[in-house]
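Colleague: Protein chains in written order, with this note's numbering: chain A, 2 to 142; chain B, 1485 to 1611.
Simulated from the structure, these hints should not be mistaken for laboratory data.
All C-beta atoms in this analysis are idealised placements derived from N, C-alpha and C, irrespective of residue type, glycine included.
Any given hint could turn out to be false.
Stated by the list, open to error - Examples of chain B residues lying across from chain A (beta carbon under 10 Å, computed):
1) Leu1502
2) Val1515
3) Gly1523
4) Thr1530
5) Ala1532
6) Arg1534
7) Ala1544
8) Pro1549
9) Leu1553
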Amino acid sequence: MRGQLFISDVLVSALIITIIVGFTVWEAEQVYNAAPDIQQDKINSLANDIAQMAVKNILANRSEGRVLPNWVDPARWGLLTGNMSQMIPLTSPYAYSATITHSGLSATGNGGCGSRSNVAVSRRIVYINGAAEELNIKVCL
Amino acid sequence: MKKGINSLDAFLAIMIMLFIVFWMQNFFNLVYENAQDFGVQVTLSTEAMRVGSMMNSFYATNPSPTDYLQLNSSITVFGDKLDCRVTKPRGDANVTIVATYKGTKYNASYPVALQVNYDPLNQKVIA
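Chain B with its partners taken away, still in its complex shape (with noise of 0.2 Å):
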């Protein structure tokens, strides 16, 4: 039986550290991309909700037609600068963000007054 690194034992021990440490890297890679993954859908969610929010009231306050309200949809999720684009269909009582996020498209959506209207170009929300 031979001793050193060049033994079975040590083989064997090598082969285990490198499943352990192949396995941890495997499980906290998995934990990291859904931690992610689920962290861009709910910043979208709270921006949908505060841009849908800023809509709602914008309208209570009665604007007259030449009012509006300027919008700024660019967050930051995780350090990155993440571009959305805000819809809100005219007809369509809700408000939707769709956001890429490293190849990955994600949406969210909040219920905003039937009579908002947006203008996509300038991102003004007007009477």
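Looking at chain A on its own, in the form it has when it is part of the complex (with noise of 0.2 Å):
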């Protein structure tokens, strides 16, 4: 049939053209829905990386000259603080929050992590005066 829109050739190219485009346009959104990824697995690097530093160096008791990790001088605390507030200033989209259970050791950081959706949470288990307790670092977007 000539001269006729809804013929099955004018179908079947307009169906290919069309699983074309579709294919291409998604492949575009799955490129750009790996934007919330990486956010997300950078606040999780950051959280891990913050606690695995206090733990090991910045909270770190010293007696006669050795770094004990895992035992925290409490008197170290303004450090790891101190630390935080330079590595996510004001300026920065993050926030976040330290605290150890028990011990009232606590400080957050650009309104903490209460009213955000992206939170990254990284605990460890320090010792503080021989009793075991749980170091919380908390780094939200």
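Both chains are given apart, each in its own frame, so use the hints to dock them into the complex.
Modeller: The following block contains the structure:
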């Protein structure tokens, strides 16, 4: 049949074009969907880094020139909060909180993580004066 | 009315086909360029995360003044080798990676402990 719009040839070609364009758009969307994953990876990595540095170096008790990892010196808490406020300044889109349960040591930056939706948490067991407690580092976007 | 290749119908059909082909070429090119731009940015962000996390882990080992961490900051993007420059000025709690890809400058950064020092000449992280 000639001169008709709804012939099978037109239908098949329209279908093929739709599939090609649709697949391309879907591929592009898949790429852009990676952005939130990267951001989540970044705050996860940052929370882990801070927790690791805190227990192994920044908060670690020093005795006779030796560093005791995981043994927290409460007097060094200010060093941790100072480091965190440098790494996550007021201009940063991230916020943070650091707490050690029962010991009363806590700090927040940029309003803390209370109202934020993307939160990464890293926990470590630490010793303060011989008692095991939990260091809780939160970084959020 | 003429028929065949020199007819008005054939001319119109060729014009429509050309329009569709050029539109699709433009569309695919735009999608490709956007994806490439985004891909370079994502790759640099991941690289900044990797390098920054290595620096933080190095600092967590309580390095002595003679200890160092050797970095290699060349990464590959879409088959091309992308030479990037790692910077971490003293007093700055961020490592930044700057790279130029096909004439466009990209950069990404990641928070790093303030006490970490980086020697860009030798690509060494020192205590």
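Colleague: Decide, hint by hint, whether the structure agrees.
Modeller: The hints, checked one at a time:
1. Leu1502: violated, 15 Å
2. Val1515: Given a least distance of 5 Å, the restraint on B:Val1515 holds.
3. Gly1523: holds, 7 Å
4. Thr1530: holds, 7 Å
5. Ala1532: holds, 9 Å
6. Arg1534: holds, 9 Å
7. Ala1544: holds, 4 Å
8. Pro1549: With a closest approach of 14 Å, the B:Pro1549 hint is violated.
9. Leu1553: It is violated, given that the least Cβ distance between B:Leu1553 and chain A is near 14 Å, above 10 Å.
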